[in-house]
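K.L.:
Sequence:
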Amino acid sequence: MRVFKHHLSFFRQKTNKMEPYFIPDEFIRPPPAGHLERALYMKHVDIHGRLVRPPMKYNKVEGGNLLLEYLTSERGQQVVDALMTVGFRAERGADTDCSQEILKRGIVFSGAIYRFLGHSNSQLKEKTCFLMNASDEDIYELLAQFGKFSQIKTAAKRAKRIGLLFSTFNQSIVLEEHEYTIIEDVKRGKYIFTDGCGFMSDAFAQEIQDVKRLDGKPCVVQVRYQGFKGVLILSQQLGDQVKVQFRKSMKKFTIPDERMRRACTTFGVVKCSKPYTIGYLNKQITLLLADSGVKHSYLTGLQNDFHAMLRELCGTAQSAEYYLRIKGERKLLDWLHNYGLESQRLQRALKNLRAKEIKKMQKDNAVDEDDDASPT
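If you count the sequence shown from 1, position 318 lands on 310 in this note's numbering, and the numbers rise without skipping.
Be aware that one or more of the hints could be misleading.
Cut-off 25 angstroms, straight-line C-alpha distance, at most; resulting in silico cross-link-like pairs (DMTMM-like, lysine to aspartate or glutamate) [what the hints assert, rightly or not]: (1) 266 x 202; (2) 149 x 171; (3) 117 x 128.
Derived Cβ-Cβ restraints for the label pairs, each shown as a range [what the hints assert, rightly or not]: (4) 81 x 179: 43 to 51 angstroms; (5) 211 x 81: 34 to 42 angstroms; (6) 211 x 309: 27 to 35 angstroms.
Since the hints were derived computationally from the structure, they do not count as laboratory data.
Ideal placement from N, C-alpha and C gives every residue a C-beta, glycine not left out.
Turn these sequences into a full structure, and let the hints steer you where they fit.
P.N.:
Structure representation (structure tokens):
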């Protein structure tokens, strides 16, 4: 993961003169039918060690990010053809990581050279990033329009700030510059009690509900807007004054150009609060509960009951209904009532949900093991 952060030092480097990395022509194929007309597709390549593993893919662009929204508004939807994503996978038993070398060299795809553009924080964990058919200088100028990132001395912090431009959201709303204000944080000594937490009006929450087609009005939303990130809480006191109040702590960088600030009106909605949400107990919380006097047998019983429910999810209507209710899966719950548990569509959906739960448990367990293994 360190490689992507380190590579952002291109802000201080001259154009690299090494030969680029070539994607073999036999791996290249055209985009799906309907590209640019009915949907947008972005090419993706997986590199294992030093080798490209076929087949290359075209991933459908679901939602967007701040940079992609800006590029499509300025250059049209065809700008997606100048972008690609690359995933790096280590070869089993290999000691070397070639991703840094490949990113420095650039990647030739169908005669065009693609160079490192950036990555979101989640992409960093997956060792995936965006590349663009442009020179390092052009990419520098593009990113510099959004903020003075080159002035951030720490590579990790610089990568994190640039990563906000690539954070994915499913829906977006237009928020003009005059429709929001910036307010002070609540501080006591060195503590910021309102860190990353602003307000939204009732009318704006209604807009979000309409755009995301939610059953209810969201009370809390996770957002990305220009250089702001954090959450907004529904406030009935705002009225019609402004739609949004950002805290100063939410501002991570400032777009220097006033014209561009006015043009970047995309308000990205990352997540919304839900009326029904499962609460998960990780190892740390479980230990705290046990130390507070909660019986081990009770905690073990909760875990066993959850495992039993997952095992019976596709087999008994009672387990399926209980799980769908606590997850807030209203559409699937209606499908269960109307067509029964034997419905093939419902069975596929339940198996996918169960697979996600198991994957989450395995991931959390791996994180806990890593924490246990880390030096104190």
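K.L.:
Compare the structure with each hint and give your call.
P.N.:
Do the hints match the structure? See the list:
Taken as a hint, the residue 266 and residue 202 pair is honoured in the structure, with Cα atoms around 15 angstroms apart against an allowance of 25 angstroms. For the given pair, residue 149 sits about 29 angstroms from residue 171 by alpha-carbon distance, which is inconsistent with the 25 angstroms threshold. As the CA atoms of residue 117 and residue 128 are separated by approximately 24 angstroms, the hinted pair is consistent with the 25 angstroms bound. Our hint of 43 to 51 angstroms for residue 81 and residue 179 holds, since their Cβ atoms are close to 45 angstroms apart.
In this structure the hint that residue 211 and residue 81 lie 34 to 42 angstroms apart at CB holds, the actual value being about 40 angstroms. Look at residue 211 against residue 309: about 32 angstroms separates their beta carbons, and that is inside 27 to 35 angstroms.
In terms of the numbered hints stated before, the structure departs from hint 2 and from no other.
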